[in-house]
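Protein chains in written order, with this note's numbering: chain P, 1 to 81; chain Z, 1 to 81.
One thing to keep in mind: the hints can contain errors.
[To be verified] FRET-style restraints, in silico, Cβ to Cβ:
(1) LEU44/P with LEU30/Z: 14 to 24 Å
(2) GLY31/Z with LEU30/P: 42 to 52 Å
(3) ASP48/Z with GLY81/P: 17 to 27 Å
By construction, these hints were calculated from the structure, which means they are not laboratory data.
Ideal placement from N, C-alpha and C gives every residue a C-beta, glycine not left out.
There are 2 protein chains.
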Amino acid sequence: MRYTLKITITLKPGILDPEAHAIRHALTNLGFRTEDLKTARIFLITLDTPDEGEARAQAEKMCERLLANPVIHDHTVEVMG
Amino acid sequence: MRYTLKITITLKPGILDPEAHAIRHALTNLGFRTEDLKTARIFLITLDTPDEGEARAQAEKMCERLLANPVIHDHTVEVMG
């Protein structure tokens, strides 16, 4: 069966986010005042697996092997259906 | 009051996503079989505005001015609280 998984990659608390800093700076220059800005990446991955548990397990392995860097990133895996 | 808004930036349907293509290719090389892969970006922005409507309106303007390219991107704005 086909399952679509939403993988969210965020920076761990305390890890510097230069991209967020640059975007906040650019927004300020455009006249927008922001109190905070965080960035995250989403991967929507469709897998063909026998069951949902296997889809989730594969997505976790993909995070460990390629999508997330465990030193600086947190990740969550959500089954969308 | 402080509102945190979740801005999701996705590529419009039909727009090529070379990053997704590269990641899918890398996953294949690692032995993972994927049926589809899409990428998206999230910005979590905290604003101090008098009300939720104003926060949402400002976030929309930020998308138009900086965060999204209307030619290739779709965006959604969600008030998180």
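Honestly, which of those hints from before does the structure not fit?
When the structure is compared with the hints, only number 3 turns out to be violated.
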